[in-house]
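For reference, the chains in residue letters:
2 protein chains.
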Amino acid sequence: MSSAAPRTAEPDRLWSVDEHLDDILATVRPLDPIELNLLDAQGCVLVEDITVPVSLPPFDNSSMDGYAVRVADIAGASEEYPASLEVVGDVAAGAADPPHVGPGQAARIMTGAPLPPGAETVVPVEWTDGGLGEGPASGMRARSLAPEGATGLVSVHRPAPARAHVRAQGSDVRAGDRVLEAGTVLGPPQISLLAAVGRGTVRVRPRPRVVVLSTGSELVQPDEPLRPGQIYDSNSFALTAAARDAGAIAYRVGAVADDAETLRDTIEDQLVRADLLVTSGGVSVGAYDVVKEALSHAGDEDEPGSGVEFRKLAMQPGKPQGFGSIGPDHTPLLALPGNPVSSYVSFELFVRPAIRTLMGLGDVHRPRVRAELRAEKALTSPKGRRQFLRGRYADGVVTPVGGAGSHLVAALARANALVVVPEDVEDVAPGTEVEVVLLG
Amino acid sequence: MSSAAPRTAEPDRLWSVDEHLDDILATVRPLDPIELNLLDAQGCVLVEDITVPVSLPPFDNSSMDGYAVRVADIAGASEEYPASLEVVGDVAAGAADPPHVGPGQAARIMTGAPLPPGAETVVPVEWTDGGLGEGPASGMRARSLAPEGATGLVSVHRPAPARAHVRAQGSDVRAGDRVLEAGTVLGPPQISLLAAVGRGTVRVRPRPRVVVLSTGSELVQPDEPLRPGQIYDSNSFALTAAARDAGAIAYRVGAVADDAETLRDTIEDQLVRADLLVTSGGVSVGAYDVVKEALSHAGDEDEPGSGVEFRKLAMQPGKPQGFGSIGPDHTPLLALPGNPVSSYVSFELFVRPAIRTLMGLGDVHRPRVRAELRAEKALTSPKGRRQFLRGRYADGVVTPVGGAGSHLVAALARANALVVVPEDVEDVAPGTEVEVVLLG
Numbered sequence: 001m002s003s004a005a006p007r008t009a010e011p012d013r014l015w016s017v018d019e020h021l022d023d024i025l026a027t028v029r030p031l032d033p034i035e036l037n038l039l040d041a042q043g044c045v046l047v048e049d050i051t052v053p054v055s056l057p058p059f060d061n062s063s064m065d066g067y068a069v070r071v072a073d074i075a076g077a078s079e080e081y082p083a084s085l086e087v088v089g090d091v092a093a094g095a096a097d098p099p100h101v102g103p104g105q106a107a108r109i110m111t112g113a114p115l116p117p118g119a120e121t122v123v124p125v126e127w128t129d130g131g132l133g134e135g136p137a138s139g140m141r142a143r144s145l146a147p148e149g150a151t152g153l154v155s156v157h158r159p160a161p162a163r164a165h166v167r168a169q170g171s172d173v174r175a176g177d178r179v180l181e182a183g184t185v186l187g188p189p190q191i192s193l194l195a196a197v198g199r200g201t202v203r204v205r206p207r208p209r210v211v212v213l214s215t216g217s218e219l220v221q222p223d224e225p226l227r228p229g230q231i232y233d234s235n236s237f238a239l240t241a242a243a244r245d246a247g248a249i250a251y252r253v254g255a256v257a258d259d260a261e262t263l264r265d266t267i268e269d270q271l272v273r274a275d276l277l278v279t280s281g282g283v284s285v286g287a288y289d290v291v292k293e294a295l296s297h298a299g300d301e302d303e304p305g306s307g308v309e310f311r312k313l314a315m316q317p318g319k320p321q322g323f324g325s326i327g328p329d330h331t332p333l334l335a336l337p338g339n340p341v342s343s344y345v346s347f348e349l350f351v352r353p354a355i356r357t358l359m360g361l362g363d364v365h366r367p368r369v370r371a372e373l374r375a376e377k378a379l380t381s382p383k384g385r386r387q388f389l390r391g392r393y394a395d396g397v398v399t400p401v402g403g404a405g406s407h408l409v410a411a412l413a414r415a416n417a418l419v420v421v422p423e424d425v426e427d428v429a430p431g432t433e434v435e436v437v438l439l440g
Numbered sequence: 001m002s003s004a005a006p007r008t009a010e011p012d013r014l015w016s017v018d019e020h021l022d023d024i025l026a027t028v029r030p031l032d033p034i035e036l037n038l039l040d041a042q043g044c045v046l047v048e049d050i051t052v053p054v055s056l057p058p059f060d061n062s063s064m065d066g067y068a069v070r071v072a073d074i075a076g077a078s079e080e081y082p083a084s085l086e087v088v089g090d091v092a093a094g095a096a097d098p099p100h101v102g103p104g105q106a107a108r109i110m111t112g113a114p115l116p117p118g119a120e121t122v123v124p125v126e127w128t129d130g131g132l133g134e135g136p137a138s139g140m141r142a143r144s145l146a147p148e149g150a151t152g153l154v155s156v157h158r159p160a161p162a163r164a165h166v167r168a169q170g171s172d173v174r175a176g177d178r179v180l181e182a183g184t185v186l187g188p189p190q191i192s193l194l195a196a197v198g199r200g201t202v203r204v205r206p207r208p209r210v211v212v213l214s215t216g217s218e219l220v221q222p223d224e225p226l227r228p229g230q231i232y233d234s235n236s237f238a239l240t241a242a243a244r245d246a247g248a249i250a251y252r253v254g255a256v257a258d259d260a261e262t263l264r265d266t267i268e269d270q271l272v273r274a275d276l277l278v279t280s281g282g283v284s285v286g287a288y289d290v291v292k293e294a295l296s297h298a299g300d301e302d303e304p305g306s307g308v309e310f311r312k313l314a315m316q317p318g319k320p321q322g323f324g325s326i327g328p329d330h331t332p333l334l335a336l337p338g339n340p341v342s343s344y345v346s347f348e349l350f351v352r353p354a355i356r357t358l359m360g361l362g363d364v365h366r367p368r369v370r371a372e373l374r375a376e377k378a379l380t381s382p383k384g385r386r387q388f389l390r391g392r393y394a395d396g397v398v399t400p401v402g403g404a405g406s407h408l409v410a411a412l413a414r415a416n417a418l419v420v421v422p423e424d425v426e427d428v429a430p431g432t433e434v435e436v437v438l439l440g
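Protein sequence lines correspond, in order, to chains X and V. If you number the first sequence the way full-length UniProt numbering does, the last residue is 440 and the count never jumps. If you number the second sequence the way full-length UniProt numbering does, the last residue is 440 and the count never jumps.
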């Protein structure tokens, strides 16, 4: 990314998509790390290198259920001429004090149990008669049902070299090894490793808490009756779901009416639980654009980077946008336009990267690919604006769904990609290769 | 998938990976649907077709901030010879009772506000003087700061055809249209659409509740001191994280000692909150294999499909496996081997598809690709076993990480793929094309 454009108010300046994004990414900082319980850290970015305090495995142990024996005692053993050994006891997994195995002796040993003193190797139970005096055993009977299995004689049918079926201490990792580096994202295998080396808590960047507000006196909550002039609030639901999908803990605040005082009060109330605020609606050039009215001078203007600035972007949909920070902690705030499609596209382009930057992730953007445009007629796009059309992508081909209208939520629900039409392109013929943002 | 193999106890039979998986998928059934709040249904599968009760938009409305006017009044208007109209009031979004626009009149209108009676088209504020008597306006002043904007005169500088900048009622969807089909997975755009059509709750298959237990007397919880013969419990953490990652609500139960009575009691306690039980450890041929001991006869044997069966699979890692159902509701139970790598690989191959089947998802498997093997020497694999080696995949090439040992958790944490070596292959030379399971 190039360096951010200066945050000076130039009301008629048209910002490019990249300038706006650069400004956001240059301002938003990863959250301070905290210590979290292992399972609460799932999906988070590690901020410490993990060095192993104790080797894995911590001790030589058996990889099979079988008998721990001395190599010389079973040299030359066969099914016809088995080695007969005295069973001196069991070594179960977790055994703190396993029996000593002397010449002519064997200890019955379980997978994961420590190799007992005196023993040099392990023979699987299938290579023995399991102490039953018959042919090769297929397993051991449960200790609780047949306690005599830990005593008596066992016939071993095959020899084994030293340390067969033994996992050596430190063969996975050695004490002092660095097994995970700061910056690693913690998925199930990393959580497995952290638990295995004894880490119950870990230092990570937490998931950002994102507060989502929609604004508009026309908005009604779903399941309520719709009166003339009203529509259902969908943006607060869509943006909350999208924020979660990006990795955030998202709080949906119901729609706020177009009253600046109410909006300011609501935002002030919410600041305590917000690492990022996202609003929709009220950012354009109308006389009731409450977000713009309430926040244009909300910051301490002596403080660099404070206050929210409203801009026009060379973009369709999503021309009007606001970005800045608010409150004593300079909590970042993104003010998105209110049309459902504009709001969702703006989320994908600007809010998702902001959330992932707060998380400390390295790659904050959706993947992009080149694809062949499949359409019945050429796409048209306004000159000087970067257009993001909704499309369905599969196997290198993208097909637009619905039209360019920013109110078309039904088509959006069938899309899995955005087709990017650059600023200097006004027509895209079918068959042209286009850039596509995969919405995953 | 072929039909499942019969569930008859044949202790020495070697099951193929596919037979075991088929048996699981033929037994596990999608969960019964429930009505959930919209945001609680994120990621779930819809079980109803969604038909729109009210058209979207519900009424003709403005797509711009501007003035609602009659076409004839602005025909031939230009900046030099503007049409001068009387402003009869504001139409804000949500307005229930907008003013009538007569000849020679205009109503100031906001984006999303209903087209007022009498008006035929909308001119954007930028095509007018905004009522200020100067040049073209760049926007409106806030109503609260400049209430006079809703009155006086406005000069319109450009003509517009009928219904310009008007979003027609029903242009997104029409009442009665089916906008989402049963089987759709609810992501942010689908949630947006459901809210937009007024649905606050929706009928979906819920996320399965998965209870994860690890077993083994050698297991110690992370952050506790490690005594001789003990290791840290990592499987319960790894499997809980993996179950969540697959879409489940997962409950981690701490490690249970190798005592059949305790295990049976714990499982009975947990059944009330489980749609699926997953255990690790205690499934092999040892004398302390508590899961096998406790569950081999746990089912009502008169009930088809009840009870848990323990098997040997032609697979490495992961040879010993248990599968069946338990308790009065025949809750499915998968008993995985205890080695951390075996347990994780078994989860990916068997538990993840079971969880996704419970959710009613169509595609329950991890994606598979073909890749070129990059390795210093040939891989070896036991004859007759399907081997799943850990690897790192990128750009059509896969490189093994770590060895075949099922205790190598450090290597697992660097893997993002499993390399599949078929049963009939014992050597795989570098450069060979291999099948790869992408762990995502």
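Keep in mind that the hints were calculated from the coordinates and are not lab data. It is possible that part of the hints are untrue.
Under 8 Å between C-beta atoms, here's a sample of chain X residues computed to sit facing chain V [said to hold, decoys possible]:
(1) GLN42
(2) GLY104
(3) ASP258
(4) THR262
(5) LYS383
(6) VAL409
(7) VAL420
Now the in silico label distances, taken between C-beta atoms and shown as ranges [claimed, not checked]:
(8) X:PRO103 with V:ARG29: 22 to 32 Å
(9) V:GLY135 with X:LEU14: 13 to 23 Å
(10) V:THR151 with X:LEU14: 30 to 40 Å
(11) V:LEU271 with X:GLU181: 20 to 30 Å
If the Cβ cut is set under 10 Å, some of the chain V residues that face chain X in the computed set are [said to hold, decoys possible]:
(12) PRO337
(13) GLU372
(14) ALA375
(15) ALA378
(16) ALA411
The beta-carbon is built from N, C-alpha and C at its ideal position, and this holds for glycine as well.
Which hint numbers does the structure go against, in order from smallest to largest? Numbers 2, 4, 5, 7, 8, 11, 13, 14, 15 - these are the hints that the structure violates, sorted from lowest upward.
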